[in-house]
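Trainee: Here's the letter readout for the chains.
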Amino acid sequence: MADSGNGKTPLLDELEKGPWPSFVTQIKSVAEKNPRARALLQLLERSYREKIGHWKHGGIVGVFGYGGGVIGRYSDLPEEYPDVAHFHTLRVNQPSGWFYTSDSLRTLADLWEEHGSGLTNMHGSTGDIILLGTSTDELEPTFEALTNAGFDLGGSGSCVRTPSCCIGQARCEWACYDTLALTHDLTMAFQDELHRPFFPYKFKFKCAGCPNDCVASIARADMSIIGTWRDDIQVDKAAVKAYADDGMNIERDVCGNCPTKCIQWAGKEIDIDNENCVKCMHCINVMPKALSPGKDRGATILLGSKAPILEGAIISSVLIPFIKIEPPYTEIKELTEKIWDFWGEHGKNRERVGELMQRVGLGNFLEEIELEPIPEMIAHPRENPYIFFEEYFEEDEEEGE
Amino acid sequence: MADSGNGKTPLLDELEKGPWPSFVTQIKSVAEKNPRARALLQLLERSYREKIGHWKHGGIVGVFGYGGGVIGRYSDLPEEYPDVAHFHTLRVNQPSGWFYTSDSLRTLADLWEEHGSGLTNMHGSTGDIILLGTSTDELEPTFEALTNAGFDLGGSGSCVRTPSCCIGQARCEWACYDTLALTHDLTMAFQDELHRPFFPYKFKFKCAGCPNDCVASIARADMSIIGTWRDDIQVDKAAVKAYADDGMNIERDVCGNCPTKCIQWAGKEIDIDNENCVKCMHCINVMPKALSPGKDRGATILLGSKAPILEGAIISSVLIPFIKIEPPYTEIKELTEKIWDFWGEHGKNRERVGELMQRVGLGNFLEEIELEPIPEMIAHPRENPYIFFEEYFEEDEEEGE
Amino acid sequence: MAEAKERKTDIGPPHYEKLMPPIIKKNYGKWKYHERLKPGVLVHVAESGDKLFTVRAGSPRLVSVEYLRKYAELADKYCDGYLRFTSRNNVEFLLTDESKIDPLIKELKSEGFPVGGVGAAISNIVHTQGWVHCHSAATDASGIVKSVMDDLHEYFAGKEVPGKLRIALACCLNMCGAVHCSDIAILGIHRRPPRIDHSNLNKVCEIPNVIASCPTGAIRPATVDGQSSVEVEEDRCMFCANCYTVCPSMPLNDPLNDGLSIWVGGKVSNARSEPRFSKLAIPYIPNNPPRWPEVVEAVRNIVEVWVKHARKYERMGEFIDRIGWPRFFKLTGIEFSKEHIDDYKYAGLTYKRSAQLRHS
Amino acid sequence: MAEAKERKTDIGPPHYEKLMPPIIKKNYGKWKYHERLKPGVLVHVAESGDKLFTVRAGSPRLVSVEYLRKYAELADKYCDGYLRFTSRNNVEFLLTDESKIDPLIKELKSEGFPVGGVGAAISNIVHTQGWVHCHSAATDASGIVKSVMDDLHEYFAGKEVPGKLRIALACCLNMCGAVHCSDIAILGIHRRPPRIDHSNLNKVCEIPNVIASCPTGAIRPATVDGQSSVEVEEDRCMFCANCYTVCPSMPLNDPLNDGLSIWVGGKVSNARSEPRFSKLAIPYIPNNPPRWPEVVEAVRNIVEVWVKHARKYERMGEFIDRIGWPRFFKLTGIEFSKEHIDDYKYAGLTYKRSAQLRHS
Ligand code: SRM
Ligand code: SRM
Ligand code: SRM
Ligand code: SRM
Ligand code: SF4
Ligand code: SF4
Ligand code: SF4
Ligand code: SF4
Ligand code: SF4
Ligand code: SF4
Ligand code: SF4
Ligand code: SF4
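If you read the sequences in order, they're chains A, B, C and D.
Numbering follows our numbering, in which position 12 of the first sequence is assigned residue number 12; successive positions increment by one, without gaps.
Numbering follows our numbering, in which position 110 of the second sequence is assigned residue number 110; successive positions increment by one, without gaps.
Numbering follows our numbering, in which position 294 of the third sequence is assigned residue number 294; successive positions increment by one, without gaps.
Numbering follows our numbering, in which position 274 of the fourth sequence is assigned residue number 274; successive positions increment by one, without gaps.
Heads up, some of the hints might be wrong.
[Said to hold, decoys possible] Only pairs whose alpha carbons sit at most 16 Å apart, straight line, appear in this in silico EDC-like list of lysine to aspartate or glutamate:
#1 D:Lys345 x A:Glu311
#2 D:Lys77 x B:Asp103
#3 A:Lys261 x C:Asp76
#4 C:Lys70 x A:Asp103
#5 C:Lys8 x A:Asp192
#6 D:Lys338 x A:Asp246
[What the hints assert, rightly or not] Quick list of simulated restraints, FRET-style, between CB atoms:
#7 C:Asp235 x A:Asn148: 48 to 58 Å
#8 A:Glu391 x C:Lys18: 38 to 48 Å
#9 C:Glu98 x B:Asn249: 45 to 55 Å
#10 C:Glu233 x D:Lys8: 46 to 56 Å
#11 D:Arg311 x B:Gln264: 12 to 22 Å
#12 C:Gly112 x A:Glu367: 56 to 66 Å
#13 A:Lys8 x C:Glu294: 36 to 46 Å
#14 D:Gly333 x A:Lys237: 35 to 45 Å
#15 C:Ser360 x A:Lys56: 37 to 47 Å
#16 A:Asp232 x B:Lys268: 36 to 46 Å
#17 A:Gly267 x B:Phe389: 48 to 58 Å
#18 D:Glu304 x B:Thr136: 20 to 30 Å
#19 D:His15 x B:Asn249: 42 to 52 Å
#20 B:Asn249 x C:Gly112: 54 to 64 Å
Keep in mind the hints are simulated off the structure, nothing from the lab.
Note that CB positions come from ideal geometry on N, CA and C, so glycine has one too.
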């Protein structure tokens with residue numbers, strides 16, 4: 001009991017030094033008033049000393065009527081640290097684009113000061129507001145306070161996870177569709193799937209406005225919706241010239257980095273072979289005043305990314321090379337539901353949709369979700385000759401000579 | 001019996017038309033005198049008509065004391081085509097580089113006219129002279145005639161297969177080592193392993209004098225020995241200028257195709273960042289009068305290529321990035337024998353060495369053949385976090401604090 | 001859905017429009033271009049000519065309600081209460097009045113919040129829970145992030161670098177932080193096979209599920225002290241902890257053996273080269289809290305090699321593409337070992353299957 | 001080794017030196033450069049100033065003793081009896097007297113041997129046995145080669161092409177012709193599962209070996225008419241014929257279903273890009289002897305697209321790299337189908353895992 005009693009945190013104190021803002025300072029800022037935060041500090045100091053975490057495997061806890069949104073967490077030293085004996089996390093669905101007013105932040109602060117540790121993550125890796133640690137009996141009151149303030153829980157467990165997106169058209173000139181609107185719409189449309197797990201495993205949506213993918217959707221979302229365009233890059237010749245006059249080495253820095261070498265600089269004008277442009281964004285990134293995505297905008301839909309457990313990490317792969325993104329987003333939703341149907345029926349327990357697609361084979365998967373195979377879906381055709389032809393001729397079909 | 005009797009070959013006759021030399025013409029050129037060739041023509045006509053081959057799974061036949069060098073072959077219609085009821089192939093070890101004198105060709109022609117079908121392949125895909133079709137009782141006499149003429153059988157079955165090589169220093173200015181000498185030496189050193197199968201499966205050597213790999217060693221040899229150099233590319237400035245003056249677009253055609261963009265053309269002189277040159281040969285290929293491989297020459301040794309059955313095709317991978325190739329080639333032979341030892345002990349039946357290496361893992365394989373792992377052996381380090389650490393600390397090794 | 005009467009459920013998040021500054025609502029979808037005015041400061045210019053100034057400040061991500069209020073206060077003072085967070089957990093203040101930029105920056109700095117991370121820079125480290133909240137953690141997250149960012153803060157604050165460099169940290173192989181596609185990834189790893197709590201296992205876990213959970217087939221049924229349980233063939237364990245995820249009686253956490261690995265060269269954007277996974281650079285560094293000096297040093301070393309040798313716009317992986325892995329190991333002084341060689345499912349595809357080699 | 005007394009064994013091949021022209025012996029390892037003088041003719045210049053002229057002629061590879069003598073005769077007449085064969089089965093006459101080149105070419109042509117295949121050209125087709133000698137063949141080899149080369153002979157003889165183009169043919173999945181790394185590969189394929197000779201199987205084959213031979217696990221033990229035998233789950237068969245290699249009672253040869261597939265974009269050399277496998281272009285073309293017009297047409301079509309659109313030095317695969325697979329299918333008019341999508345071990349790695357796409 002010495003540990004939790006003495007109150008000293010010599011190891012953690014070391015982490016208050018240095019120029020980067022310190023999470024220890026954050027915890028301390030509420031530890032005086034908040035016993036949970038105080039206990040967390042003590043327990044963490046102990047972990048630092050012993051080089052091991054002190055949390056047990058989570059149990060299933062939650063709010064009434066929801067199957068997710070709360071991560072149950074218990075200390076393995078409940079007697080010594082009773083204030084963090086339970087220390088459950090609430091995942092609160094962030095507003096699309098992580099926009100806040102000062103008032104909305106204060107509302108969150110107030111309710112979490114009252115009901116929990118006073119500690120948050122702004123934000124979790126999936127995108128949620130993470131309310132970090134409270135006891136089981138506070139879950140329902142916190143939920144009530146949240147919903148009264150206009151917030152709701154995000155996802156956890158085998159369900160749709162909280163969709164997230166880049167800032168998109170709210171501030172970015174490159175956004176090829178309205179990522180915030182789509183994210184919000186999907187979130188609202190799939191509230192049931194988000195709150196009541198019934199899938200084989202989790203399913204994440206992430207919406208990026210252009211191929212720069214500022215929300216890492218291609219690496220972290222079961223469905224990655226990445227803005228793109230299909231006409232010509234828009235060129236402002238005067239602005240190109242201004243960059244050149246300004247000393248930019250267009251030949252080396254722009255053309256030299258084009259993946260398909262489809263952009264040329266004759267020393268005066270830029271010349272783009274748009275047929276071979278793969279919309280990588282590089283030239284646009286480097287000359288934002290001069291170049292911009294075409295006018296015929298939409299998105300590429302890719303499927304399947306995930307972390308390595310179990311079959312190895314996956315980067316999403318192309319399902320629809322180009323689609324217009326317009327409310328009410330019927331096509332995307334129908335496609336999603338077809339995928340869920342097949343996954344629900346054939347996915348193994350804890351099998352992500354990207355793993356399922358690989359297990360059954362992209363060709364079969366496409367048949368099930370009723371998409372035609374097209375070469376845009378693959379990096380290259382098969383190299384091995386092990387083709388499963390599905391039919392063969394029988395003798396009686398044809399007369400032998 | 002109509003087939004073999006009537007003698008007409010209307011389908012095959014179609015293949016005597018057209019500008020490319022015809023194998024049918026070749027067969028016909030001996031068919032009159034040679035009953036085996038005549039029967040082959042008939043049987044082949046029947047295959048063309050029926051769209052199916054008429055050969056049975058080979059039996060084991062051979063010459064005394066050898067386990068390989070002969071491919072047994074029987075017709076499935078022996079009664080109808082008795083002259084090709086047996087139709088075994090002899091694989092005769094070609095001279096390195098496929099060099100012949102007119103006399104040596106005539107010697108081969110004479111003996112094969114006497115003992116076999118009078119048909120050959122010059123050459124088989126592995127490199128052998130293929131004597132195409134004779135009966136079991138002719139095998140031993142053919143062998144005797146061959147050895148008397150200074151020829152010997154090549155490999156078949158689970159043994160060293162006939163090594164082969166590009167023309168190398170005999171005619172090519174780019175050969176970084178003497179491919180003919182090495183090939184001949186390996187062939188002679190491993191006569192026993194070549195003639196008396198005792199491996200889990202076949203083992204092929206191919207020797208190419210430079211990375212152009214004119215003998216396709218990287219795709220078709222269990223051990224691919226590919227010439228290279230480690231100092232700077234030799235440049236004849238005047239000759240470079242001559243190419244430029246002659247209208248060659250050096251910027252586009254040479255520099256633009258360098259895989260590491262390490263060669264630059266300032267409009268007057270060529271400038272090579274040799275540290276980043278990956279010895280691809282392209283610039284040298286394009287300007288043979290001006291550029292040539294460095295002076296410090298040797299070879300890269302790669303292991304494991306093969307056709308797709310069973311685990312999928314394999315391209316050889318780097319085992320030794322650079323080695324000097326000098327008689328008596330002790331290092332290569334010792335390395336080879338270490339590989340054979342491990343393969344002999346741990347290879348499964350019909351498992352090629354490249355498959356074994358993948359099955360046990362390159363890291364383990366290297367330990368067994370006593371080579372240090374180096375980054376040149378891999379395209380990139382692992383992407384997955386599934387590291388088999390072989391040891392861990394036990395509590396008593398270290399005092400807990 | 002059977003629910004309590006007045007209880008609100010499934011209301012979803014607040015609508016973003018309610019939380020946006022008027023200038024954004026007005027110019028939504030009509031931005032023309034942007035410029036980086038100075039470290040941490042962007043201006044976005046709309047077709048209308050309106051200008052939106054963004055000041056980005058680093059955040060520890062683990063934020064207390066006290067500091068949320070501090071953010072709110074700053075937002076009120078400088079930008080009518082409007083702010084946002086980024087996908088890498090930085091805070092962005094959204095200003096319309098250019099003259100307020102410098103005062104805001106000054107106040108942010110005085111509160112201990114560095115300003116930067118914009119454009120070619122090292123931004124905040126995406127990370128996870130660690131010992132703060134997760135049962136699975138092989139290391140802490142926040143402490144390492146703090147230590148590394150302390151060391152690299154100049155690169156956040158404006159010191160020149162060739163391009164973007166994204167660092168991420170995950171405290172176990174579940175990789176909640178999308179470590180797998182980062183320029184530099186710091187990954188917590190276990191190195192000792194699970195220690196089995198035989199007395200409890202068959203009470204809390206389904207033995208067939210436990211056996212099935214192991215990707216290498218290392219787990220077998222066993223009877224221990226008369227209890228049905230499982231045993232692990234230690235040689236076949238690669239410490240993925242999937243068994244532990246499925247069964248609490250198989251913990252892998254171990255103070256002596258847990259530690260970190262470092263991965264390099266992944267990316268997410270489609271700019272120039274395609275997205276790709278990070279590859280192993282350093283297989284193991286022991287846990288050394290509170291400041292993990294070996295990890296800090298290892299990351300700095302890699303960063304400095306990149307800063308010194310990479311060409312403009314070259315992300316870490318693109319840089320290594322150009323110089324080759326052998327030179328990467330040479331320049332960083334990192335030792336190459338058996339652990340670097342892939343031996344999982346696609347291992348064969350990572351062998352060097354060409355004679356294109358640098359020999360000098 | 002117990003052997004008959006006077007019998008010579010293990011003597012190995014003749015030493016190459018004995019078969020080389022003096023000019024080669026003299027300048028061995030001391031060549032300086034070469035030039036292509038005209039289609040099919042090379043000159044190699046030695047440091048000594050000596051010049052060796054090579055005249056390359058196409059060959060059907062299946063050569064009779066009559067024609068071997070003809071080669072010998074030509075060699076005697078034009079080059080002191082010295083000649084060689086190439087790794088693609090062409091014949092090379094090795095001359096020292098430049099003035100004999102044209103007469104030799106003339107005589108070769110009159111004998112029906114085209115001269116060419118040097119430099120940027122379409123050389124001879126590496127191929128295999130087919131119905132001429134192999135039990136495994138799903139098609140003939142020589143007949144298709146003859147038909148395709150008849151059609152492409154101008155490209156052998158000097159008609160301009162962007163770079164080298166290597167065609168290979170193998171008559172079954174064993175791929176004796178190294179088809180797997182060719183610019184264009186023609187591959188014989190079976191398309192019907194093995195038909196089992198139940199009455200003989202257990203006499204000639206080891207049932208466990210047969211079962212183990214199947215990479216997809218399609219073969220199961222079965223008792224048929226009281227005989228122990230095997231059965232094949234047809235849905236799982238992908239016609240590799242490995243079972244047949246192991247067991248003669250499981251033939252796959254089938255006149256109705258056997259045929260050809262076409263593969264593109266492989267290469268072997270390390271020049272510019274690394275060696276790589278060919279990829280599937282056309283999954284199936286029926287056998288249509290004696291001249292396989294559909295195959296000839298398919299190959300020509302692909303060749304012509306390459307000739308028309310590739311840049312100088314671009315091998316087929318490099319060309320497709322630049323234009324992308326979707327455009328390759330568009331330009332050739334080849335239909336894309338489920339069969340093109342890999343579904344074997346590494347399938348996942350062939351999916352398009354980036355947003356870098358051409359949309360127009
Ligand atoms: C809180 C968060 C980390 C953070 O600090 O940001 C988190 C925390 C956990 N993740 Fe995660 N994951 C979090 C984002 C991710 C991400 C990133 C993302 O969503 O963009 C990934 C990688 C992408 C992916 O989905 O594959 C991720 C991949 C996993 C996995 C591996 C899943 C897989 O298929 O490989 C697991 C293991 C599992 O599901 O059993 C996991 C499991 C967990 C659990 C629930 C531990 C467990 O095994 O039960 C962690 C609870 C920690 C705790 O005590 O609070 N977490 N997890 C992130 C969620 C916050 C939020 O809602 O915003
Ligand atoms: C004659 C030849 C084809 C030709 O017309 O040129 C040939 C013919 C046969 N090969 Fe081959 N292979 C021939 C070169 C190759 C090559 C190319 C090479 O060596 O460069 C390969 C691909 C490279 C490789 O080794 O993987 C090759 C890969 C195979 C395979 C597949 C091996 C594998 O590991 O995937 C088999 C199947 C087997 O071994 O059971 C095979 C089996 C056979 C058999 C013995 C058929 C069998 O299953 O028993 C064929 C006998 C045909 C006959 O009746 O004459 N042959 N075989 C070539 C040998 C001639 C020579 O000695 O010069
Ligand atoms: C604010 C933010 C989006 C958001 O909704 O939160 C954002 C915003 C912008 N990104 Fe981003 N990116 C943001 C995360 C990302 C991510 C995701 C990540 O880091 O996890 C990526 C993918 C990184 C990767 O590939 O691993 C990302 C890859 C890019 C790129 C491509 C960089 C490259 O060369 O690979 C650009 C273009 C550029 O920088 O030239 C870009 C450019 C931009 C621009 C310039 C777009 C614009 O016109 O407004 C934005 C200015 C900020 C800047 O320069 O940092 N943004 N950007 C994210 C800020 C994170 C932070 O706090 O540092
Ligand atoms: C004679 C031969 C070697 C032998 O020992 O038999 C040979 C000889 C030469 N090759 Fe080759 N290559 C020969 C098969 C190959 C092969 C193997 C094959 O085709 O199966 C390759 C690999 C092909 C591949 O990548 O798939 C090959 C890839 C090259 C290259 C690289 C071409 C490229 O751009 O990828 C060069 C360089 C060049 O052509 O610029 C080359 C260049 C040469 C040079 C110019 C070398 C020299 O300086 O003498 C020789 C002149 C002949 C010519 O231009 O065709 N040789 N060459 C082979 C002739 C085969 C034939 O009859 O057509
Ligand atoms: S992903 Fe594209 S649209 Fe979205 S913020 Fe980044 S650059 Fe802008
Ligand atoms: S967007 Fe990318 S691919 Fe397209 S022209 Fe610009 S740099 Fe090239
Ligand atoms: S591989 Fe190299 S050395 Fe050998 S013939 Fe070809 S170009 Fe010459
Ligand atoms: S050999 Fe290849 S890599 Fe080296 S400089 Fe020449 S083109 Fe570049
Ligand atoms: S990475 Fe592992 S330890 Fe860290 S939060 Fe995620 S599941 Fe927990
Ligand atoms: S940690 Fe992974 S590999 Fe080890 S026993 Fe558990 S599941 Fe198997
Ligand atoms: S490819 Fe197949 S059919 Fe052709 S020779 Fe080789 S083993 Fe026989
Ligand atoms: S052909 Fe291949 S896949 Fe089909 S049953 Fe035989 S071994 Fe199996």
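Trainee: Against this structure, judge whether each hint is valid.
Mentor: Here is what the structure says about each hint:
1. D:Lys345 x A:Glu311: Answer holds: lysine 345 (chain D) to glutamate 311 (chain A) is near 12 Å, not above 16 Å.
2. D:Lys77 x B:Asp103: Holds - the C-alpha atoms of aspartate 103 (chain B) and lysine 77 (chain D) are around 13 Å apart, at most 16 Å.
3. A:Lys261 x C:Asp76: violated (48 Å)
4. C:Lys70 x A:Asp103: holds (12 Å)
5. C:Lys8 x A:Asp192: Given that 16 Å is the threshold and the Cα spacing comes to 13 Å, the pair holds.
6. D:Lys338 x A:Asp246: violated (51 Å)
7. C:Asp235 x A:Asn148: 48 to 58 Å: holds (56 Å)
8. A:Glu391 x C:Lys18: 38 to 48 Å: violated (58 Å)
9. C:Glu98 x B:Asn249: 45 to 55 Å: This hint holds: roughly 51 Å between Cβ atoms.
10. C:Glu233 x D:Lys8: 46 to 56 Å: Cβ of glutamate 233 (chain C) to Cβ of lysine 8 (chain D): about 55 Å, so the range 46 to 56 Å holds.
11. D:Arg311 x B:Gln264: 12 to 22 Å: Holds - the Cβ-Cβ distance for arginine 311 (chain D) and glutamine 264 (chain B), about 20 Å, lies within 12 to 22 Å.
12. C:Gly112 x A:Glu367: 56 to 66 Å: holds (57 Å)
13. A:Lys8 x C:Glu294: 36 to 46 Å: Cβ of lysine 8 (chain A) to Cβ of glutamate 294 (chain C): about 26 Å, so the range 36 to 46 Å is violated.
14. D:Gly333 x A:Lys237: 35 to 45 Å: Holds, at about 37 Å.
15. C:Ser360 x A:Lys56: 37 to 47 Å: violated (55 Å)
16. A:Asp232 x B:Lys268: 36 to 46 Å: At roughly 37 Å between Cβ atoms, lysine 268 (chain B) and aspartate 232 (chain A) fall inside 36 to 46 Å, so the hint holds.
17. A:Gly267 x B:Phe389: 48 to 58 Å: holds (56 Å)
18. D:Glu304 x B:Thr136: 20 to 30 Å: violated (48 Å)
19. D:His15 x B:Asn249: 42 to 52 Å: Because 45 Å falls inside the window, the suggested range holds.
20. B:Asn249 x C:Gly112: 54 to 64 Å: At roughly 59 Å between Cβ atoms, glycine 112 (chain C) and asparagine 249 (chain B) fall inside 54 to 64 Å, so the hint holds.
Going through the hint list in order, the structure does not satisfy hints 3, 6, 8, 13, 15 and 18.
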